[in-house]
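Enquirer: Here are the chains, one letter per residue:
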Amino acid sequence: MSSESGESVTDLLHRAQQGDAEATDRLFETVYGELRRVAEGLMHRERGDHTLQPTALVNEAAARLIQPSAMDQIGNRSQFFAAMGRAMRRVLVDHARLRLRKKRGGDQAKIPLDETLAFVEDQLQAELLSLEEALAELEAMQPRQGRVVELKFFAGLPMDEIARMLEVSVRTVQGDWMIARAWLRRRLHEND
Amino acid sequence: MKTTRVHPDKWQRITELFLAAVDLDVADRRSMLDEACRDDPAMRHELEQILASHDAEQVEPIFQASPLQTFVEQRGTDELIGHQLGTYEIVRSLAEGGMSRVYLGRRTSGYEQEVAIKLLRPGLDTADVLGRFHQEIELLAALYEHPSIAGLYDAGALDGRPYFVMEYVRGQWITKYCDANQLALRERLKLFAGVCGAVAAAHRHAIIHRDLKPSNILVTDEGLPKLIDFGIAKLQTVDPGADSGELTEEGSRPLTPDYASPEQVAGGAVTTASDVYSLGIVLYELLSGCRPYRVGSAAMAEIVDTVCHQTIDRPSLALQKLIAGDDDAQQCAAALAQAREQTPESLSRALSGDLDKIVLMCVHKERDGRYSSVEQIAREIERYLNGFPIRARGDALGYRLGKFVRRNRTAVTLASTALLALVVGTLGTTTQAIRASKHARNAALEADRANREATAARAVSDYLARVVETVAPYRLAGFQIGSVGADRVPIARTEALAENAALVRSDLGQHPLVQARLLEAIGRAYGGLGMFSDADPLLLQAAQLRDEHLPGHHLDVANSAESLGWVTFVQGRFRDSVEHWRRALDIRQAQLGDDHPETDLTKFSLATVLGFAERHYSEADALFAEVLQWREENLGPDHVDTGYALLGSGLFRLQADAGRPEQQAALTMIARAGAIFADHAATQPIATVISDVGQSLMLSSLASKEDALAAAERAFNTARSLLGRHHPLVDFVGLLAANELLRQGNRDEAVHMYRDALADLRARGLENSYFAGRNHEHWGHASLDHDETEQHLRRALAIYEDVLGHRAWRTAWCQAHLALTIHAQGRSDEAHEMLDDARQTFLQIRNEGRDTVTWIDGRIRNLQNR
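Which chain is which? The protein sequence lines are A and B, in order.
Just so it is clear: in the first sequence, position 116 is 116 by our numbering, and no numbers are missing.
Just remember that our numbering sits 192 ahead of the position in the second sequence, which is counted from 1.
Only chain B is shown next, with the shape it has when bound in the complex (with noise of 0.2 Å):
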């Protein structure tokens, strides 16, 4: 609350008051303030500030002896004045504690340095002071490492007096550097999620600082966090009784009670998560400029009653509440809003919302209602940075997504190719990963059936060996994608493939079933490197082979079938991945049933097939509920297949919700798994790149495309880097940037990406691929020469007849795109013939919706009018 100056009448006034009030307790003062204050509330509130002040000044004062008593004082009684310890000085003292007397110290050779020095008062080294002081020293050396902990340099002793030096911290407190620097509230985010990553590396090491305000969080003039003071902070043991594993201690009360955790001012374990609510009031603080409430000096049980008890406003109510409050209260919220370079208005829509409710998980009244730990503040304020929904939101899809949705066409197509990345990001998962390793296993098992009934034994044993070496360094044993491209792969490896493959068809005719698996990790194997033209062969062969050899039914058949699904699929035959996939969710429902990871699999590659290429909606949806809802409760909501459940169901849903207000739950879900990937992204980083397809996605429909162009060629890079040039997922992930390219209006560079692209695609012997025709097609899109256009359109249609078959989704859109090229150029017939067909594709897909037709009889009618 702003002060002003008052008239020195109504000063003297004051005064007489407020040292009439001073002596009293809490209770007397209030009444005796209802009494004087009867009709003067601005002059009762000026009272109760200076009151609070008053008590505070009296448990930290500021206003202690004058400097310059002080520093005659010490040169005259402190002899350490100038006294040198090792390579140190002492200039002055800084501080005194109860143990000890904390110097300003300089470094006196090499480079000049200033340092604190900790000394312990002389007298003081019992045992337990000296057990204690040490502990200090163990604590900050284990977290010297910490660029945002003021670290330990030395330690000595002094006549028997232990000491330590540390850095010197010269910084502003965190809210003073903000409010001077005029930081806005995302850099103010991003400085306290530099600080949470301090506390979070303090409690790695199993130490709870206890005493966190903004006096212990100094920045520096780089902008750098620093937390100091760990005077109060302990090593922790993991209490025993606690499953949870948090850190726990019985809690001597700490110093201020206004960011002390409701547990700590009760007396109870103080944890890890006192540290969440401490740093909670901080952030409060840091956005509103308001602070939640403050008990100063009142008494201790006002102070319990206040921190434990007392409702906790949201900080943009905090705010409000200035705004709609006296002059002096709306001054102050101008002043604060200033600050952080907005008006109060805004700044407070600006808290409503996730910040509110960021602000208010850190600072629940009950432990286990605030976050987790302080590292999932850091990642809740990165998840709200990057435009991802929060986890404090939990579930509510009352979600304020207005932002989002913005009817966006474009987002249609984009959706197309963010999923198809998906579902090839999604090869190479843990479930890929385990069942792999499983399915290596049953080979193994099989084998050495096979060892004991064929004479060819030997030959097996050593053929497996051979191919699980050779794929196995490259983790390559699955059908597994989301590894490395074939250009990654040294040649030396891919010809091994071949040498045993030859052989395994050669040599391995008496043992059919263990021939077909080991044709099949062989196919998997040159699938997974995008060399589609070996691994077909393989895989077919291996298909028939269990077809002559097992009934139907066997598990060993849907097993081939889903095989061949996942090669079909990336190549674009998508009809032929649909009948593979039925087949093998037909054996493994039968068999395993639903609630099994085989068929939860098969139902959500079959799922992503029918809904984005097929366009067969209803299905798709049903499909992809069940997958999500298996997940779900299987998996975890947090896990990363339910990650890329989420993401396929959410951007289908965008396809097939486009414009209709169902489409803001598609983007809640895309969100959400977005925030999934993030958090998964250290150990699978093949997830980034998926959580920046999804990233630029959303933004583009946002229609912020820089960033949704930033978020594309980041992906872009990363798959490239992770996984060579020679990868599908490369190939899907490149176009997704190339059309951004094209959608903020560079053709320039799209088209020079297209180009690339098909390069390096025939290079690969893929020029009549799926792949090669989305290119072309979209080449087409970008150029403005009718002829080129054409040219290239009449490409990627004919690589869609042969491909995809004549009655396609993709084949009838791109036929009508070519329709209106040639339209343009006069030739009005032909492109009233193929418009038509087109329509009539559109119309023949079941439950299309109606969209496309729409907008093709748009075209017709515009064509007919001309």
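If we strip away everything but chain A, and leave its shape as in the complex, we get (with noise of 0.2 Å):
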């Protein structure tokens, strides 16, 4: 499976767990490509097509990007959805502002990737530029517990994965898991 460039997102994985920097880098940029561009195809694509339209943005992408046989050679997918779940949070906050922009402009009309940023604030039971908000200020208080937000909830990342990518105690992992979902949930619902 490759990106546009040629690359492919396998030897980008490969290169990047070898703790190629420029490789990482790229990664994301594919991945990040990719989910814009499944997220504009579904956009664009005429509402009475009832084969694409339910099914959700990022299953799309994971499947264009990487087939489950790569997964398996990979062995650890912790490069990817790292990657993977950067671009997720990106994708997701520039279209959350699109949304609100759009909201703003009177225009109503729904587009697919309203889908997937609903299941995020369903689940989070709050918007989710409010989360970006205080990520990142999270982020501006300790880096690491912001990115360990990024990778445990954007990406899905096993506590070991995680504390291995960050070079860190798996408790230590734990630890700031913990009180980064305190301290953001707090700070979501400070009026609830």
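Hints listed in this document are in silico derivations from the structure and should not be mistaken for laboratory results.
In this text, a Cβ means the ideal position worked out from N, Cα and C, and glycines have one as well.
Any given hint could turn out to be false.
[To be verified] Just a sample of chain A residues kept apart from chain B, beta carbon distances all over 12 Å, derived:
id	residue
1	Glu29
2	Leu98
3	Trp183
[Claimed, not checked] If you anchor each label on the Cβ, the simulated ranges turn out as follows:
id	chain 1	residue 1	chain 2	residue 2	range
4	A	Glu190	B	Ala817	51 to 59 Å
5	A	Ala140	B	Lys513	26 to 34 Å
6	A	Ala140	B	Ala458	38 to 46 Å
7	A	Ala140	B	Leu216	23 to 31 Å
8	B	Gly517	A	His14	52 to 60 Å
9	B	Ser564	A	Asp94	46 to 54 Å
10	A	Leu166	B	Val198	16 to 24 Å
Using the supplied hints, reconstruct the complex from the two chains, each of which is provided in its own coordinate frame.
Expert: Following this line, the structure appears as structure tokens:
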């Protein structure tokens, strides 16, 4: 499976795993680009098309970027999901901002990325942009805790993988995740 | 409490302390924090907040698996994603429950629609689980009709697994919706009243929600509140042990202790009162932005202690505490207030008083201390929004009515009109209806006796039957003015009345008492239609027959006197009314005693005419007090007749106490009456008219002229549509509306109304009636042209002289105004003479408040100084 620049995502993953910073950046760009393309494709698809509409954005992107066999080859999915996590965060934030502008502009047409956004916001019981704002504050106080949220919440990595990536103990990651969640939750729902 | 970003070093310290404290139990956490934060209360506060948030996250996590992973995994593991279920396609998983999984679905044919699909998990198809699942379906089906309850669309089974399809509500939590849209308190209350309506509907179907909280009360983009998640709600049966008829269920613990009632956390019986409590906590939060307490996932013992025993601050106090708190607290208060378009101080003021009381009554620890139903909360809010006093106030007359007290001379005139309307409205009350049917029954008994005694027996029965047939469809058997005007009754019916009257007069001479009874019934029917010229002779003849054939203390003599009292009263012949009613009261007191509804009714009538028309204040005051006390004790404080007594007493006192501190008490009474009428509006539409009349008057004294006019016009329109145009009550209310227009400076429209009313009265042969006089009088006030004013006042005066007599209050009042007009035209001698004469009348009327005499003396002085 190749990105448009011709680079294999699997290659990028291998290189990123070996600590290649440039490969990590490129992986992110690739994943982000693919997510956006899928999102835009969905946006422009006709409303009557039921075969793809219910399929969520990320499913599409993940399926197109990486095949189960490739996944098995890598063995360690962390780099991919890390990039996916950050890309996911950015796509969603971009989309939430777009939605806000549309709302202000009076354009209420629904677009498929709403589905994914709604899913996240359902879980959070809060607006994604509020989370983004809070997350930025958390990163300013303790960057590693922000990174843990990205890897855990957006990418869904297991604790040990996150610990390996960040080169800290699993216990530290667990502590970071615990206080980050508590703090963000309070930040999101302080008036509840 | 607003969080603020802290310095990274400080945050590092907070992280360490948090991790050290997080696994300790409540007591150890406390002592650890005592120790570690001895010199830093702000940090301690921060830590406490984060720990509480951590605890909440453990119970109901919002940071679960990543959306990405969930999507990928669902695609791989949940074969139902993309599956077609009937006309719906399963899009994704929304939530997991113990028994079932909820999916988002989308309609694939016809119109586009999102739905929620709840599907029983595989392998759970035991009879018990299936039973519960079907119960939830039944429950939703029962509530389907309500727009504010997520509806059930479809149900079925997939490979033996039952599922149901319901409305998918895309909305915000009610609290967030209100804040995001910066809704003011009134808007919030209206929205909340809608929520109460939905919960009340569920209660009517014997369904208790049991988990009401902001996340289960969503508001759509269109602003419609939607109740969701009846997952732990139960269909209830009435507990045979509870005579209150409350719904009970022994109770499984709620999911969210922050909104749960004391009985829920203590494991007691869960009733509709538990929903009242939860709604109270939601209201607390909606209004003040604060929560009375946060128990989150505290230990069970602590939850029970807090919810069951901790005193709840009134909402305004909670806000006050924020205002008086540290910077963070103040910032928080400012944000809360801003979301309600207020300053923190003004918000606290707005909450203190009625709103505090409403909320606290909802969240009373004891079920019996709360509103008896969710519907009561909705009504209470309605009362609050309409400016009526709330029930939660009880009878405390320390009621802060300062806002109402605005000395207002014109209120006196208005009160008079409204009082008159009130009395006319009274004629249609329950008591009258009961009396009417009793009356008919007595007539039948008497006819029966006559049947045995007389040869004309057959004829009597026929007449009776025909009379009843004539009037029954319109419930006019008694003197029921609260029925319809003559223009609403088919001519054939009024002709039948005339026919009957003629037959009764010509054929029943041998049975004078039967004849009297029938004449009276027909006379009352005419009176009820406003056809006074037809009513008068029949009622008089009936009275004469009884005087001739019955002893003077007979109750039927009192009945005749009462009828004559009414018919003269609505024609403005107040002196005559007083005389008739005094006679009726004497007989009834002697025969029936004071503790009897008929005696009570006569007292009310007499109090009204004495207080309003004849201005015999002290006697009227005593009578009103007796009536009010009797009705409160015998009919109850919420009975519609108690409402009439309150309104009567209130309006009377407003007039008698104008400008004195006692006016507050008067306004309280009027407002209480309004609340009662509002409660009875559905069953007694005429009560809405009376209620609007009272409201108009209150608003008018609040100087809220536009609202006062709106209420008066509403009353007029309702009365007209209920009763037709040709009806005394409509005449009175129309006069009220026109006067209100005049007060607003809208002379043209006011004059238009006076002219219309006079044309209508003329068409009914009432051009010389009291109403006609009133319309001329006010038209005179409205006119800017001296000649025209004089012309109308003279016309009014002539009518008053004829109907009321020379030494009557209204006659003198009209005379005084005419004198001023005459003086303005330069005829000062004539004016002085007239004013002196009016002054004599005022002085002669017993117990007249000094107001009018003072006023007229001022006018006389002014004239003399010129």
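Enquirer: Could you tell me which of the numbered hints above are not met by this structure, giving the numbers in increasing order?
Expert: Number 3 only.
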